[in-house]
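Each protein sequence line maps, in turn, to chains W and Y. The first sequence begins at 26 in the numbering used here and counts up one residue at a time. The second sequence begins at 433 in the numbering used here and counts up one residue at a time.
It cannot be assumed that every hint is accurate.
[Stated by the list, open to error] Straight-line alpha carbon distances no greater than 20 Å define the calculated SDA-like cross-link-like pairs of lysine to any residue that follow: (1) W/K164 with Y/A539; (2) W/K164 with Y/A533; (3) W/K85 with W/E110; (4) W/K166 with Y/Q535; (5) Y/K602 with W/V158; (6) W/K164 with Y/A532; (7) Y/K602 with Y/T584; (8) W/K41 with W/D114; (9) W/K137 with W/R269; (10) W/K187 with Y/R582; (11) W/K187 with Y/D598; (12) W/K180 with Y/A533; (13) W/K164 with Y/N540.
[Stated by the list, open to error] Where chain Y lies over chain W, by a calculated footprint (3+ residues, C-beta under 8 Å): (14) 169-179; (15) 251-262.
[As the list claims (entries may be wrong)] Some chain Y residues judged to face chain W by a derived CB distance under 8 Å, without partners named: (16) Q535; (17) E566; (18) M570; (19) A577; (20) I579; (21) P594; (22) D598; (23) K602.
Think of the hints as simulated: they come from the structure by calculation, not from any bench. Each residue gets a CB set at the ideal place from its N, CA and C atoms; glycine is no exception.
One-letter residues, chain by chain:
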Amino acid sequence: MSAAYPFGFLDEYAKKEVRRTALKAVAIPGYQVPYSSREMPMGRGFGTGGLQLTLALLGKGETLKVIDQGSDDSVNAVNLRSFIEMTCDDINTTTSTEEADVIQSRHRIPEKALREDQLIVLQVPYPDPLVVVEASEDKRKMLHGEADYSRLLVKLYEDIVKFDEITISHRYPTRINDHYVIDPSPIPRWDVPKLHQSKALILLGAGREKKIYAVPPYTKAEPLAFEDVPFRVEDFTDEHGVRRACQRCGCTSSFLDEFVDSKTGNKIYQCSDTDWCDEQGSSNVAGGRTPGAMDEQGGSNVAGGTTPGMEEVEQRREQLPRTPGEMNEQTVLSVGINKVEVVNGQGA
Amino acid sequence: MDKVLEVENLSKVYGPGCPSCFELTGPEYNTNICPHCGSVVAAHNVSFDLYKGEILGIMGESGSGKSTAVKCLYFDQEPSTGSAIFFDKGRQHDLFNMNAAQQRHLANHRFGMVYQNPHLGLNFDISAGGNIAERLLMSDIDNYAAIRTRATGLLSRTEVLPERMDELPKNFSGGMQQRVQIAKALAINPPLLFLDEVTTGLDLSVQAAILDLIMEIQQEQQTAMVVVTHDLGVIRLLAGRTLVMKYGRVIETGLTDQILEDPQHAYTQRLVASAL
Numbered sequence: 026m027s028a029a030y031p032f033g034f035l036d037e038y039a040k041k042e043v044r045r046t047a048l049k050a051v052a053i054p055g056y057q058v059p060y061s062s063r064e065m066p067m068g069r070g071f072g073t074g075g076l077q078l079t080l081a082l083l084g085k086g087e088t089l090k091v092i093d094q095g096s097d098d099s100v101n102a103v104n105l106r107s108f109i110e111m112t113c114d115d116i117n118t119t120t121s122t123e124e125a126d127v128i129q130s131r132h133r134i135p136e137k138a139l140r141e142d143q144l145i146v147l148q149v150p151y152p153d154p155l156v157v158v159e160a161s162e163d164k165r166k167m168l169h170g171e172a173d174y175s176r177l178l179v180k181l182y183e184d185i186v187k188f189d190e191i192t193i194s195h196r197y198p199t200r201i202n203d204h205y206v207i208d209p210s211p212i213p214r215w216d217v218p219k220l221h222q223s224k225a226l227i228l229l230g231a232g233r234e235k236k237i238y239a240v241p242p243y244t245k246a247e248p249l250a251f252e253d254v255p256f257r258v259e260d261f262t263d264e265h266g267v268r269r270a271c272q273r274c275g276c277t278s279s280f281l282d283e284f285v286d287s288k289t290g291n292k293i294y295q296c297s298d299t300d301w302c303d304e305q306g307s308s309n310v311a312g313g314r315t316p317g318a319m320d321e322q323g324g325s326n327v328a329g330g331t332t333p334g335m336e337e338v339e340q341r342r343e344q345l346p347r348t349p350g351e352m353n354e355q356t357v358l359s360v361g362i363n364k365v366e367v368v369n370g371q372g373a
Numbered sequence: 433m434d435k436v437l438e439v440e441n442l443s444k445v446y447g448p449g450c451p452s453c454f455e456l457t458g459p460e461y462n463t464n465i466c467p468h469c470g471s472v473v474a475a476h477n478v479s480f481d482l483y484k485g486e487i488l489g490i491m492g493e494s495g496s497g498k499s500t501a502v503k504c505l506y507f508d509q510e511p512s513t514g515s516a517i518f519f520d521k522g523r524q525h526d527l528f529n530m531n532a533a534q535q536r537h538l539a540n541h542r543f544g545m546v547y548q549n550p551h552l553g554l555n556f557d558i559s560a561g562g563n564i565a566e567r568l569l570m571s572d573i574d575n576y577a578a579i580r581t582r583a584t585g586l587l588s589r590t591e592v593l594p595e596r597m598d599e600l601p602k603n604f605s606g607g608m609q610q611r612v613q614i615a616k617a618l619a620i621n622p623p624l625l626f627l628d629e630v631t632t633g634l635d636l637s638v639q640a641a642i643l644d645l646i647m648e649i650q651q652e653q654q655t656a657m658v659v660v661t662h663d664l665g666v667i668r669l670l671a672g673r674t675l676v677m678k679y680g681r682v683i684e685t686g687l688t689d690q691i692l693e694d695p696q697h698a699y700t701q702r703l704v705a706s707a708l
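So here's chain W without its partners, still in its complex pose (with noise of 0.2 Å):
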């Protein structure tokens, strides 16, 4: 199978291209780097951008991990492994963020501290966070050219005018290097922060809007706040001020997906991270996930690798009964402040 494709699918051209648009990228911090982006075997908006840059930059010998929503077994990470194993030969995958050389992601970035010698290639579905303000990309230029982000930082003021504090839950506009502002991707505000001074490089990828933009190692990221309403992650305190924990691995540092329990109608909350999660020992609870179920060869058995507990678990807001299989959707109730909201299946 794999033979018929040059490695990495992509020809030497088209991953030339884009290492070189990757590294203006990095070099103009938060710049927004137009390129070619490429037809791939699946449809834009499923992580293509993502794809590209993974497939243009992985050597062999190399060792990938692909996340998606913090899983590694979810369908759109599940796929984007199985795609990449079957192009590039001599290619490690791995669940482990501890292991791996470079990990593409969507909506989270690992809870474990990257280090130097990795790469995180995060999907992007909306590169520009002007566009909910300005719709012509050409004065969206001109404003990024200006660092003019006033615009963005009245939509902020507007919310805490209505809601007496900024409602973005996720995608939070980040200023980067003090100049460019980027729209990070999905992530959850809790993974802002991570952004920066990050040791490891982080690269976005849209496939469909093709940009590519770049946080550098060791870089300024600063979420937009105003002087007095400063930025602040996900609070995870319960009613009592008690740091909900994960039902799994106890862990009360970790950013939490919130599910309700179909028989006891209780919410239960667990580690959006898998790895992580695995790695805090699952042993603390009973049922839970035993580390290392993932298949890694590719997920043929997703279902058979996911929490147990999981398949009783129904959406809350959906109401819809889940079967085993239509769990790898991985369709999640994240829980943001103030904001409780469904981050549905498919995204860059």
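Mind docking chain Y on chain W? Use the hints.
Relative to chain W, chain Y alone:
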């Protein structure tokens, strides 16, 4: 007296333009369309000086080029020829020789503009307070409490109830929208303010209130203003000096009283005589 603005030979031609454009148009030909190339000479050789605290009126019928002149100075349009120098804090800014970024920076930080139509000056998708906040945020004020205080102050100054500052401008009456627009233009205490037909289309009592407001602002802050209007009453009330324009040319200039009491040009005479 401190000079704020010096405009020299400002011209704006719409169309290809030809050597005879300026020769064959103007009041003496009763047209501003060049018979050779069909270009429209919207303004030609407009020159004036403006001093601190002064209100200069530009008067003329519609199509006489008065708005075009002001729009060029506010960088809404690019002039064909001419120069304009803005004097600010001991520095001189050559308005038409700056790049677009510098122009926008200057317009955001030092100029204010009030349009006839509030839709041009206000963003109707955000609240009245948000509109003022935008202007403040553009000039790098990023303290929420400070922005609120300033916006409340400005709105009460322009007699918009501060309780309504979080409403959308579309819920406001025309006069209120205009006052919000003035509050927005004043947000950064600009030393130079352009007013383009600000009272046109408003009823008389509202007109009076807005004209009062403009005069008070001039008294309080010594803001230099250029007032464009076709309304002689507005000119009489506000402007110390006046330019009269017709077919893109300045046909008469001088003290407002002098122009209204003793008009020299035939057109001005007719204009003054026709005023009710």
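Okay, the hints, checked on the actual structure:
no. : hint               : verdict
1   : W/K164 with Y/A539 : holds, 16 Å
2   : W/K164 with Y/A533 : holds, 12 Å
3   : W/K85 with W/E110  : holds, 11 Å
4   : W/K166 with Y/Q535 : holds, 16 Å
5   : Y/K602 with W/V158 : holds, 18 Å
6   : W/K164 with Y/A532 : holds, 12 Å
7   : Y/K602 with Y/T584 : holds, 19 Å
8   : W/K41 with W/D114  : holds, 19 Å
9   : W/K137 with W/R269 : holds, 19 Å
10  : W/K187 with Y/R582 : holds, 18 Å
11  : W/K187 with Y/D598 : holds, 8 Å
12  : W/K180 with Y/A533 : violated, 23 Å
13  : W/K164 with Y/N540 : holds, 16 Å
14  : 169-179            : holds (count 7)
15  : 251-262            : holds (count 4)
16  : Q535               : violated, 11 Å
17  : E566               : holds, 5 Å
18  : M570               : holds, 4 Å
19  : A577               : holds, 5 Å
20  : I579               : holds, 7 Å
21  : P594               : violated, 13 Å
22  : D598               : holds, 5 Å
23  : K602               : violated, 15 Å
Of the numbered hints given earlier, the model fails hints 12, 16, 21 and 23; all others are met.
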